[in-house]
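For the protein sequence lines, the chains are A and B, in the order given. The first sequence runs 1 to 90 under the numbering used here. The second sequence runs 1 to 433 under the numbering used here.
Incorrect hints may appear among the rest.
Covered stretches of chain A (chain B as the covering partner; in silico rule of three or more C-beta atoms under 8 Å from a C-beta of chain B) [stated by the list, open to error]:
hint	stretch
1	1–14
2	41–52
3	58–70
Read the hints as simulated data drawn from the structure, not as lab findings. No residue lacks a Cβ here, since even glycine has one placed at the ideal position from N, Cα and C.
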Amino acid sequence: MQPIEERLELVRFKVDKTPHIRLNRDKCIGCDTTACVYVCPAGLFELLGGEMHFSYEHCLECGTCYVACDRKAIEWEYPRGGWGVSFRAS
Amino acid sequence: MQEFDAIVVGAGPAGSSAALAMARAGLQVALIERGEYPGAKNVSGAALYAPGLLAALLPNYWEDAPLERYLTRRVITFLGKEAAVALDFRTQHFSRPPYNGFTLLRPKFDRWLASKAEEAGALLITSTVVDDLLYKDEQVVGVRCRREDGDLCAPIVIAADGANSFLAKKAGLQHEFRADEMTLGVKEVLRLDAHTIEERFNLNGDEGMSNEYVGYASGEVKGGGFLYTNRDTLSIGVVVQIASLAQNKVRAYDLLDQFKQHPAVAPLVRDSTTLEYSAHMISEGGWAMLPTLSRAGLMVVGDAAGFVFAAGLFLEGMNFAIASGLAAAAAAQQAHADHDFSARSMVRYRKLLESSFVLKDLKNFRHTPSFVNNERLQNVYPDLLCDTLENIYCSNGKPRRKIGRVAIDTLRGKVPLLTLLRDGWQAGRALLF
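Input sequences plus hints: build the corresponding full structure.
What follows is the structure, given as structure tokens:
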């Protein structure tokens, strides 16, 4: 399997300083489905030492994570206009 | 505060078609796009069906639009773990204007279509996110952009803001999505020279092929795969139900890898190099999750309204987007002529859709989404179909049995007869009658 990082190197991102995803970690406590880890097509969510970590920089802006999270722990909005992902060849 | 006759949020096929039609009718239109350029955030397979729809506004546009190949070959493949059965259809009747479908690449096509709206007089504003709607009493009267002095006013707002449909949700027209009614598409565009594509896929000149895959394309996860030919690239991807992805604890990009390595797919993508990876959420619930389509001063079009026709053999969206954008534009023109932007006036939009293929197709095929997501259709029948054919073709020096016997023996113990009949009835109701 090709590592996701290699795939993301092919995508153009203009990363804003302010994250457009916010995680309410209190709501993550005790979550055993961890849907976000599996559904994110950029692999941005990772459970480390029992705590959920995420990065927003390589977000493909699909919105799948907040739809999949049954605890509604993910606050998600579009990045600032002109920032974030820019598909060129798709 | 700047005033327009209409504001369109989102410069995809739905938004740009609406903006183009309204600008042609003499309305002052603002077309707002959050990407650096139209198409920057957009992903489709991408196949545009019913390309004739746009020709009403842009006659013979296929002569200069950035289209990849016209579709003359349509294939549906049932994938088993190590086998495949395909229905391979081609016709020259789809090779003449107005054609039946084109493959295209969204960053190029969306940019081009938005430029046509601009040429018609619409004001395209890129790199701008619309965060909210502005209201006066119950009436939508404009949008709030995320920038200083970002309020723009118009008696009509058309929400063409894509699958996440934030504006429709904010306006109370659409519910919060559940993971079992949305799918995720992941896709790669692969570079392969035009000559090799034509040789490998049996195409003459600018002809193209679309191949939809059912069954093992998405492993055990509910979903399917697709492979489209572009001019000198291939578009390949898997589309999977979000809830099923989470339940099975697998990642969509690993499924895409697996799909590309399937023995029936690997030879088709051999020696290609990946140019880009992309992902997008798709609303495939169809009729069942149709939002309220308008309220005073607001209409919802395209993906934002869930206008995706995912019915097994069909996987269409851009034609629904364009048709809904044009219907909204027509309703907006009439509203301006009548100076009536009330909820009742906006309902004209739905009426137009009801008499077009947009709502007719979604309604007629309303049972299809649940049928396509049937566990057995996804994970049992494609294998059984492959096994049956394998047993029929199997040549091992023993006397052959007749085909019906082989089929019954293959099915025995796998699916109870009653279940088979019930699924047959479901299939009929979904697709046949």
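Now for the hints, and whether the structure bears them out:
no.: 1; hint: 1–14; verdict: holds (count 8)
no.: 2; hint: 41–52; verdict: holds (count 3)
no.: 3; hint: 58–70; verdict: holds (count 8)
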